[in-house]
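Starting from the known structure of chain B, arrange chain R on it as the hints suggest.
Chains as they are written, first to last, in my numbering: chain B, 12 to 252; chain R, 12 to 252.
Hints are computed from structural coordinates only; laboratory data are not their basis. No residue lacks a Cβ here, since even glycine has one placed at the ideal position from N, Cα and C. Certain hints may be false.
[To be verified] To give an idea of the chain B side of the interface with chain R (calculated C-beta under 7 Å), a few residues: (1) GLU31; (2) GLY130; (3) PHE133; (4) ALA134; (5) ALA137; (6) ASP226; (7) TRP229; (8) ALA230; (9) ASP233; (10) HIS237; (11) SER241; (12) PRO242; (13) PRO246; (14) PRO247.
[As the list claims (entries may be wrong)] Far from chain R, by Cβ distances over 12 Å, these chain B residues were calculated: (15) ALA65; (16) ALA72; (17) ASP176.
There are 2 protein chains.
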Amino acid sequence: MADLLPPEELERRLRAIGEERYHIHHPFHHLLHGGRLDRGQVQAWALNRYYYQACIPAKDASLLARLPTPALRREWRRRLVDHDGDGVHPGGVERWLRLTDGLGLDRDDVTSLRGLLPGTRFAVDAYVRFVREKSVLEAVASSLTEMFSPDIISQRVSGMLRNYDFVTEETLAYFTPRLTQAPQDVAFALDYVMTVPRTREEQEAVMDALRFKCDLLWAQLDALHHAYVSPGLPPPGAFRP
Amino acid sequence: MADLLPPEELERRLRAIGEERYHIHHPFHHLLHGGRLDRGQVQAWALNRYYYQACIPAKDASLLARLPTPALRREWRRRLVDHDGDGVHPGGVERWLRLTDGLGLDRDDVTSLRGLLPGTRFAVDAYVRFVREKSVLEAVASSLTEMFSPDIISQRVSGMLRNYDFVTEETLAYFTPRLTQAPQDVAFALDYVMTVPRTREEQEAVMDALRFKCDLLWAQLDALHHAYVSPGLPPPGAFRP
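Extracted from the complex, chain B is given alone in its bound form (with noise of 0.2 Å):
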């Protein structure tokens, strides 16, 4: 096997599967973006999404169980508190039923999952089978899609609240405090995949687990495009809006 890479070499190779794979390259982002969806696609979207969000606590709880120390936890315990909220300030799973709930969604029509797409439910479990099942180094590397999320982030506030008069700030709240937290997640796990690996193998593990996250954020977009865009043809079954 070849030698070790430097820190510096693994993490402009994980940059570049982000350029090639990200989501934000996907076509139906630029559509979501630019204005070009009308409101029952972008509430195809929502509530699509809506599953992964739901399903982020437990991947993370499930990493956090194998995690070995007090100090590494206490890190990864930070995501439940994003995302479950603390009691008093909502959590990520909240923000984003009241972003179905701005998008005119009923709250019992998305939770209950009722009309969701397989795609989105096949690649989410996959995403929580992954984290579950593969080493503590992969679990934490495909966490590291959040490098590239202030952009795409930043893309879909600005370009939604620009083209769409069905959606306000408030309905986008959801994605004003990860734009903090997503670079205080990825310092901890940037840090962690670049000093932990011992041997190139497990610097290939961390990039097929990168590899590995953005083609199941990718093949979300990809159920979501041919259901409700091209050629449109929502499963028996799904959301019809």
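Same frame as chain B, now just chain R:
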């Protein structure tokens, strides 16, 4: 909970699920057997479907491992023979590779799973996991899509032979034994789900399992349709004809 359904009513409802959700109604199937795909698109279908074929023995073995009697295990063991062969006669996995050979795909490319659509992987993995983790009744019920497979196989084989000059009877030899194996499998599985449930909840679980299975077959064609037909955007890293 409602009363137990009479067996004939349960069967009627199972057939109605197929009427609504079986992938014989998917536009990609119509394009495939109607001769409206090019060779590269048919290759993409065969390459992706290989992963489904290759995983069938894993799902059958995990169910076999949980069956309680020699008679039940022998019944299910037949499926393993059908798919893995007996060392003399090729099984379904080997016959599928003859199909990909016949379409001009390199075996290493196919079996390496390089180029597989993430949507295929997530859907197939969801099936293997379902059979491993759900009740034996639900696992058996998820095989009931074979009730509908002789129709789709007949359409596929006759349509593909008629419409594609790059497809021969030898290429499609995978399907011939399936026309007799599937009804034999169904006879057992249908009898099982009609006689084992003691509650309406169990009968509902049987119907949900069949819906789940239809959804994942459908999702595989969604992923193909999106990547190779409309809009025709293979995700990064996927097979390009």
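Hint by hint, here is what the structure shows:
1. GLU31: 5 Å, holds
2. GLY130: At 5 Å from the nearest chain R Cβ, GLY130/B passes the 7 Å test, so the hint holds.
3. PHE133: At 4 Å from the nearest chain R Cβ, PHE133/B passes the 7 Å test, so the hint holds.
4. ALA134: 5 Å, holds
5. ALA137: Where the cut-off is 7 Å and the nearest Cβ of chain R is about 5 Å from ALA137/B, the hint holds.
6. ASP226: 4 Å, holds
7. TRP229: Holds - the Cβ of TRP229/B comes within 7 Å of chain R, reaching about 5 Å at its closest.
8. ALA230: 4 Å, holds
9. ASP233: 5 Å, holds
10. HIS237: 4 Å, holds
11. SER241: 5 Å, holds
12. PRO242: Given a least distance of 5 Å, the restraint on PRO242/B holds.
13. PRO246: At about 5 Å, which falls below the 7 Å cut-off, the nearest Cβ of chain R leaves the hint on PRO246/B intact, so it holds.
14. PRO247: 5 Å, holds
15. ALA65: For ALA65/B, whose nearest Cβ neighbour in chain R is about 17 Å away, the distance exceeds 12 Å, so it holds.
16. ALA72: 19 Å, holds
17. ASP176: Check passes; 27 Å lies beyond 12 Å.
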